[in-house]
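Residue numbers (our numbering), protein chains in the order written: chain F, 107 to 336; chain G, 107 to 336.
One or more hints might be untrue.
Where chains are identical, the list cannot tell them apart; a pair therefore holds if satisfied intra-copy or between any two copies.
No more than 20 Å apart at the CA atoms, straight line, and that leaves these computed lysine to aspartate or glutamate pairs for EDC-like [to be verified]:
1. K167 x E325
2. K237 x E184
3. K281 x E253
4. K326 x E171
5. K322 x E205
6. K195 x D121
7. K195 x D126
8. K322 x E174
9. K270 x E151
By construction, these hints were calculated from the structure, which means they are not laboratory data.
Just so you know, these numbers come straight off a predicted model, no measurement behind them.
Listed below, chain by chain, are the residues.
Protein chains: 2
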Amino acid sequence: MSLVNQIVTIPLFQDLPQKDLKDLTAIVIHQVFKRAQIIFSEGDEGKGFYVVISGRVKIFKLSPEGKEQILHIFGPGEPFGEVPVFAGKCFPANAEAIEKSRLFYFPRDAFFDLINKSPSLAMNMLAVLSKRLHQFTALIEDLSLKEVPGRLAAYLIYLSEQQKSTDDLTLDISKSQLASLLGTIPETLSRILARMTREAIIESDGQRHIRILDLKLLEKLASGEVRLSK
Amino acid sequence: MSLVNQIVTIPLFQDLPQKDLKDLTAIVIHQVFKRAQIIFSEGDEGKGFYVVISGRVKIFKLSPEGKEQILHIFGPGEPFGEVPVFAGKCFPANAEAIEKSRLFYFPRDAFFDLINKSPSLAMNMLAVLSKRLHQFTALIEDLSLKEVPGRLAAYLIYLSEQQKSTDDLTLDISKSQLASLLGTIPETLSRILARMTREAIIESDGQRHIRILDLKLLEKLASGEVRLSK
């Protein structure tokens, strides 16, 4: 896969014009970390940020007694360290590969130069991040306002926007986590998925893959215009 | 209140250095819209974006038959129109004040000039937006992984980060919406709030105002380290 094709799959850079993507390929550095290898340490100057291409990275703090507290685990497509790097601060925690991981590294100086030369890259990235924030806000509101089938519909639409596809959606959390997120139990979630499948709204492999067959109807379910029959 | 003090309360600009805030005050235009006044129409060139200072604004589309579909309602502190404006596109929907509304308007050309002159403003805004995205992601994960008291704790911590205060948090949704978001019913939510009050973790006015008394304990509840006694 070409570098541009890899970069365009990163949500942080999604929707960027081809020119911006090409500019980014000129500064990205491909890095590979072994399992248990430290990527950066708390207090290090934020000289650049990372995006996970494959593998997993844990972000953690150490207590004065040396006890490890994991703050977050990042997987493919996810950026980390970018908040302090954009803000010109030190890293507030440690990062370590928990398995062999391929990362894209964007040095701050080179990234800053890019923005300096091409302010439209900054504007476009602001657009990408603002759009994702609106999607998240809408998701959180949707989750709080609807019945379970409507919430599931809203979640699937959100996923299809995120993954830019209706053909092969991959649930990014387990079914029991999804049930919990939707405020229900896995059994109810399975029943609703089965009903949506029967009505030819979606197709599900019973695992994490879902295909949207009738987006219009799904949108109506999400907006509450129609309800799923029992 | 000074313009800088007003701008710093807008989440889109939170955490920006004083210099950036001052630069923004130089380009902002204060606008007042009457109830039912159109702010922009679908297809208009995105010449600038808005932040609601007071009042409420609805974003809507019109069907070919003229039927109105409301996509979103924005209130104080919330930006709108910034995604197409950052991306240099036309507005994809209409905006109308649903009550008398005071707005801050940021013209695109002036904003672009600012970024052009001061790329660090762009970097700092990218940091702000990235940080909010991480907070949102964490909230969504938290909501899907914890028992109801832990979820409530996670939500209150999220609110205190958003509102930069532990002293007077204002729930931004109704209690029944919050109950639904946490996957429970209003009665259970009220019981948990009462228990947290009894244990001096929070203080609640029974309405939308909450004060965090013991943030450490709330964090332990959210992380699952401790559980609320019955």
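Hints, one by one, checked against the model:
no.	hint	in the structure
1	K167 x E325	between (42 Å within a copy, 15 Å between copies)
2	K237 x E184	both (16 Å within a copy, 13 Å between copies)
3	K281 x E253	both (18 Å within a copy, 16 Å between copies)
4	K326 x E171	between (54 Å within a copy, 17 Å between copies)
5	K322 x E205	neither (41 Å within a copy, 32 Å between copies)
6	K195 x D121	between (28 Å within a copy, 12 Å between copies)
7	K195 x D126	between (25 Å within a copy, 16 Å between copies)
8	K322 x E174	between (47 Å within a copy, 17 Å between copies)
9	K270 x E151	neither (35 Å within a copy, 25 Å between copies)
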